[in-house]
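Peer 1: Residue strings, one per chain:
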Amino acid sequence: MLGVMLGEFESQNGIAACTRTLDSLRVGDCAEIEGIATDCDRANRMASLGFIPGRMVRVTRFAPLGDPISVQLEGQEISLRRAEARIIRVKGGAE
Amino acid sequence: MNALAESPLKKTTARPLVALVGNPNTGKSTLFNRLTGLRQHIANYPGITVEKKSGLLRVGGSSIDLLDLPGCYSLTAVSKDERVVMDVLGGRRGFQKPDLLVFILDATNLKRNLLLVSQCSELGIPALIVLNQCDAAKRNGIRIDADLLSKRLGVPVVKTVATRGQGLSELKDAIVSALELPSVLSRIPWPECITQGCGLLRAGLQNSGSSELSQAEALRVLFDSDSVFACGVSDKICLKKLVDSAHRSIRDSGLNPGSAEAVIHYRHLDSLLEGVVEASGPIARSHDSIDALLLNRVWGTLIFLSVMYVVFQSLYSWSAPLMDLIDLGTSAAQDFISPFLSSTPALQSLVCDGIIAGVGGVLIFLPQILILFFFIALLEDTGYMARAAFLVDKLFSWCGLNGRSFVPLLSSYACAIPGVMATRTLSDPKARLTTILMAPFMSCSARLPVYILLIGTFIEPLYGPLVAGGVLFAMHFVGLALALPLAWLLNTFFLKIKTQPFILEMPDYRVPTLRNIFHRMWERGREFVLRAGTVILAFSVLIWSLLYFPRDPSVEEQTTQSFLREAAANHSEVEIQDALKNPASELNQVLTHRIDSAYIEQSYLGRFGKAVQPVFDPAGFDWKITVGVLSSFPAREVIIATMGIIYNLGADVDEGSDDLRSVLLNEKWTSGPRKGEPVFTLPVVLGIMVFFALCMQCGATVAIIARELNWRWAAFSFFGMTGLAWLGAVLIYQIGRLI
Ligand SMILES: Nc1nc2c(ncn2[C@@H]2O[C@H](COP(=O)(O)OP(=O)(O)O)[C@@H](O)[C@H]2O)c(=O)[nH]1
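Heads up: the sequence lines are chains A and B, in that order.
For our numbering, count along the first sequence from 1 and bump the result up by 436.
For our numbering, count along the second sequence from 1 and bump the result up by 45.
Among these hints, one or two may not hold up.
[To be verified] Coverage of chain B stretches by chain A, computed from C-beta distances (three or more under 8 Å per stretch; other residues unrestricted):
1. 145–159
2. 296–304
3. 332–342
4. 542–553
No lab work stands behind these hints: they were computed from the structure.
In this text, all values refer to a predicted model and were calculated from it rather than measured experimentally.
For glycine and all other residues, C-beta sits at the position ideal for the given N, C-alpha and C.
Produce the complete structure using the sequences and hints provided.
Peer 2: Listed below in structure tokens is the structure:
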């Protein structure tokens, strides 16, 4: 299927068990982006910024008040709020 | 087709139009300034408050119109800025379609920057690529093969370092030759399901009788629910059905319609950049260790507080000598002009008290504006601003503002004018709107004299310095304490604009260039004087006329008559005659003050104040307070001088004046149910202070809000704050009376 070819796989059922969202990672954790929540109007924007399946993200730090969080993506340091991090599904584990 | 025949340079009627396009923070403005020098023009796009920067580029004998489009990450038209980009690139809404797009890319982050280029390839407009910040790329160990990139993209590629002007002449030449011999970007191969979806969408819309969409426009409608092109389609239900079915087919092939566009572009770019970008070893990331310090929970917070302290101190204190200088200049100009016009008192007063005072009232804001934009440019250019926003975002996110609101709100504690202007750094329109509306609630320095006068007169003698200090401190937080919940209310229930994700890109730390900083200061200062300044001046003249006219000479006669009758009781005829001949004598001064006071009472504003006094009666204000409050609507700092005039002391009083304080202490109601009771009771005093804390008594702020947003929001802010202020004063007075 095309989606698999492009590295994005929309799971309709099943593997959700081992899937986490970006906001659940701890500082220092590294994970691979699996996808973005479907039918979310922010999806396009997050994807344009580079949050696309297959790429690795690393959480570098939390702001002093816990939100937003700062992540490293393709050598770029990007800060996003937990609300946005929640729509990004990641897989793979801690460091 | 013959490219030369189409070449825009050959057209004799109009100059060719070249647009600069790129992500924010790539060096677009720096490059634009370098290319146009100071031959540039800043205006707003018609009907919206997005800044339109255009300028003239001269190369050889020809001149080219250069347009600096707002920075954007993609064509997803969420913000107004992005909408403008879409409108211009599509040649919609009466915009002239550019003859050439010059893409400014940050060479240190090529792939992300190329996304926009990749999206624009659908438009078929001739293009040219600029790889800027090549110095930073080199430092980071990134090598880019420009020739190969050019071959793959199908358009010329030029390397520049905008801050140092490197590659500028090559760029100019490239622009000229690209206009003569245009080449367009090679298109991205779309997967079957997308092209099919697009085809179905276009066919469906055509069948339903809507206007025809191009392939590029159909793609935008498909991926972007807010697309400007979708707005043009009349049959919304049909459109939704078509889009939904296209999304279904995208989903059937295993893609997420929300992110499919970016995913496909990035996959394409992955292969396009193969062999083009070479990163030697691990990228040297100088900013990681600096971030570890600056974003540290403890040290980062301390450094943040110190930086903001310096910014605030310089706005609040260091600007004072400059402002005093402007004040001195204003009164010197008044003193200089005044004698020439003494034969026509009305003209004399118009020129001195209306126009010169008005011009002075505009210029007085300049020091703070320039200082603030110096710091903003410095913080932005070093890369610290994004970090500061990261540190404090949480404080503001709950009420719909964001971390970038901090600096504008902080500066508003010195003065709301630079504060409102500083909201330009907020890219999210909703957060920017809210921040602008909240800025005038911050207790600016012009409110301080009122607090000092009233607290010093009524609270300190009764309750001691500790309580007085506490009240003064509390007054500074009344506005803030109300503003944040109001922002939440506004955002949650009233504003219909979509909330945008707050995403900050942490730029590399850089050494700022003075040239850039001064350009920013000059730009903002000039804009303020030319655009807001004229409105503020008009306000000033209007209020002057309301306080001056009708100026019936009989007012002066009657006041003099009654004064002489009074004086005759204590002084001999000769004494009075002598005193009146000597302008410096005490009697003469008292008479002048009485006449001034009588004129204010008889002026249009004075009559209006008396007429609306019943409105302020529930707050315990008498007509004198009411007139004082009304006359300080153009600028709250005049209240002290106005009170001086109203209470027969002349305009030369200040908040520390003992005369003014004793007059206020002894002021009694002269009529009505409270006749004989003191006017300034504790609830009244607190009510006045709260009124000043919440009221928008600043014509300049109204003007700047109208400039940054529009007149409707300015009116909303003005009437809303005035209403709140009234409510606050009434509540305090009524509750205070019960206790
Ligand atoms: N090292 C380096 N910095 C640059 C270059 N061009 C611009 N900058 C810096 O990048 C920052 C953003 O520039 P600006 O022109 O405001 O970007 P814009 O947001 O795209 O208009 C500023 O701090 C500039 O000094 C460059 O070629 N090299």
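Peer 1: Run every hint past the structure and note whether it holds.
Peer 2: Hint check:
1. 145–159: holds (count 3)
2. 296–304: The restraint on the region 296–304 of chain B holds, since 8 of its residues have a Cβ under 8 Å from chain A and three suffice.
3. 332–342: The restraint on the region 332–342 of chain B holds, since 4 of its residues have a Cβ under 8 Å from chain A and three suffice.
4. 542–553: holds (count 8)
When held up to the earlier numbered hints, the structure conflicts with none and fits them all.
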